[in-house]
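Undergrad: All chains, full assembly: derive it from the sequences and hints.
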Amino acid sequence: MTLNSSKSAHGNTFKDSVLNVLKSLKNEEIIDIIQIGKRFGQFYTTFLVTYKGNFYAIFTTTSARSDRIKENQWDAWGIKNSTNTPTFCLVLLPDYLTEKELNSYLSEKNRLKSEGYISKIDDIIQLKDLKNIFIK
Amino acid sequence: MSSESTIKSITPGPRILIAIARTAITPINALCELIDNSIDGFINAERLGIKIENPTINITIPSKQDIDSGVGALIIEDNGPGMDAETAINAVTAGYSGQDNPRDNLGLFGMGFNISTGKLGRTTILKSARKNDKYGSRITINLPNLVKSGSFEVPEDKFDKPNPNFSGTAIQIQDWWPQGDPNYNFIIKLATTNKNSIREQIGRIYSTKIREGLTIIISDKQVEPFEHCRWLDNRFVINNGEKIPAYFKVDEVIGTELRCTKCFELVTKNSEVCPTCQNTNFKEFKNRIYGWLGIQRVAHSTNYGIDLIRNGRLIRQWEKEAFFEWKNPDNPEESIKDYPIDPGYYLGGRIIGEIHLDFVPVDFLKTNFQQTSLAWLDSISFLRGTTSLQPARAAGKNNSLIYKLFQGYRRIEGGPKFLYPGYWSMKDGAHTFKPLSKDDAEEFYEKFKNNEPGYGPDDDTKWFEMVEKAQAN
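If you read the protein sequences in the order shown, they are chains A and B.
Using this note's numbering, the letters of the first sequence map in sequence onto residues 1 to 136.
Using this note's numbering, the letters of the second sequence map in sequence onto residues 1 to 473.
Quick caveat, the hints were computed from the structure, so don't treat them as lab data.
Where hints are given, some of them may not hold.
Within a straight-line C-alpha distance of at most 27 Å, the following computed BS3-like cross-link-like pairs (lysine-lysine) qualify [to be verified]:
| hint | chain 1 | residue 1 | chain 2 | residue 2 |
| --- | --- | --- | --- | --- |
| 1 | A | 80 | A | 26 |
| 2 | B | 64 | A | 15 |
| 3 | B | 327 | A | 131 |
| 4 | B | 404 | A | 26 |
| 5 | B | 327 | B | 404 |
TA: Set out below in structure tokens:
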């Protein structure tokens with residue numbers, strides 16, 4: 001297995017894990033609709049969840065590198081501009097991160113919360129926190 | 001056998017809902033049944049004087065990936081007046097038609113909702129809210145659960161409106177039929193049909209409503225109304241000294257009918273009580289035929305004929321048989337093909353039109369008019385006359401508009417005399433008419449669709465230049 005295909009398999013396994021969590025939320029009638037790989041013109045989100053009349057665009061990534069987050073910012077901006085439905089954009093990371101990835105994640109999360117920082121992404125979270133977004 | 005009798009209930013079980021969901025219907029027609037519900041909501045709002053700003057129907061079609069993963073939903077939502085809980089329950093009750101006046105609405109028998117939703121998925125959630133209500137009503141129909149419980153009872157609860165002024169209805173179909181079920185492929189077929197093709201079909205079926213101001217959005221893109229590529233009102237030919245325009249506006253009341261104001265059944269003119277419900281109040285309705293008949297800018301092998309519309313929904317597209325084949329009323333086995341049969345027939349036909357027959361009853365899947373009904377027979381007689389279009393082949397006089405168009409445009413030859421675009425070219429040492437080639441016609445039609453100057457729906461000058469080029473020198 002090459003490095004790239006290994007990364008891709010890792011990404012797909014993570015997506016499956018996210019889908020399983022979302023499905024369990026759907027089965028418990030907590031969220032309304034799950035759409036996979038939803039496109040809004042040129043903009044893309046891995047999952048679009050409908051919850052209490054709002055959209056939640058979930059961008060899955062296995063890396064919190066700043067260039068990845070910037071790509072997600074672009075999609076978040078596009079999606080929010082493409083729909084009249086109030087939309088929250090989340091970047092979702094796996095629970096198990098290398099120390100380097102964990103540091104990137106925490107750094108990006110802090111940056112997002114910092115005053116004056118302009119972001120179309122509403123939060124960066126890990127999979128273990130996903131349920132808490134919808135169960136309040 | 002005892003003479004005593006007792007009354008027994010033959011109420012069907014909930015499995016009937018699964019059975020009716022086996023009705024043969026296309027995915028597009030299923031979608032149309034649900035669009036019809038929204039349109040009826042807008043029609044009723046207008047009738048009640050409720051103003052709906054920018055009436056819109058928004059349709060979300062799930063992806064194949066969603067269906068394969070057991071997620072996603074087909075959603076049809078509108079910004080109509082919405083329904084209260086009781087009306088919403090009636091709307092999902094099979095056989096209950098909320099249409100007290102079936103002449104003016106699209107919904108007819110109260111079966112379309114159950115057939116369509118049941119074919120598409122196992123669970124349907126109907127959410128509806130009215131402007132002045134604090135909460136909306138949500139009804140969930142889970143077909144397997146209903147069958148399991150043996151009951152027709154469904155949960156109804158309230159939901160918070162997104163804002164106090166919100167009104168509208170959303171139908172959300174989900175929980176797909178599993179592989180092996182006869183309906184499994186139904187939603188797959190819809191999901192895998194090219195979205196532009198779905199938009200084109202819906203734009204054709206509801207072109208009248210869209211032109212009147214209805215917005216339909218399918219998977220985030222607005223549906224454009226279909227426009228016929230017809231010659232404009234000022235074009236004409238001269239046939240035997242008579243000027244025959246390439247466009248006729250049609251607006252004629254061909255009769256009236258009396259209906260009971262309560263059950264809307266037909267009653268005879270001198271009835272005193274309705275034989276169905278004993279009501280004594282009747283209302284006279286006008287049987288009005290309106291629209292237009294005309295000539296397409298080029299002939300086509302299949303795309304010609306008359307579009308027949310009922311209450312803004314296309315029922316018959318490119319109808320040919322009713323207009324271009326004459327059947328002997330004394331011997332239905334005897335029929336004559338009237339059109340196209342003349343020189344140039346190999347190119348196809350070019351008589352077209354959009355005719356509204358709101359008063360003519362349709363079948364319950366709305367795929368055809370009831371062709372044995374008096375209303376249908378009277379309408380066709382009015383539009384195409386009672387004789388063959390070829391005077392030599394059938395006795396009688398025919399003054400119908402279709403007959404006029406047939407006489408003026410039956411032949412496809414060059415020049416303004418026949419109003420057909422093409423070229424006057426040299427062949428075998430002689431000048432002959434060559435009609436606009438298929439490739440050129442397609443190119444012109446693309447320009448028509450893009451509304452390019454000289455080619456579009458309101459400007460046919462470039463097309464007419466080609467008619468003049470086909471003039472014999």
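Undergrad: Does each hint fit the structure? Answer for all of them.
TA: Each hint, compared with the structure:
1. A:80 x A:26: Holds, at roughly 23 Å.
2. B:64 x A:15: Roughly 17 Å between the alpha carbons, so the hint for residue 64 (chain B) and residue 15 (chain A) holds.
3. B:327 x A:131: violated (69 Å)
4. B:404 x A:26: Violated. Residue 404 (chain B) to residue 26 (chain A) sits at ~63 Å, over the 27 Å cutoff.
5. B:327 x B:404: Holds: residue 327 (chain B) and residue 404 (chain B) sit about 19 Å apart, inside 27 Å.
Checked against the numbered hints above, the structure breaks hints 3 and 4 and satisfies the rest.
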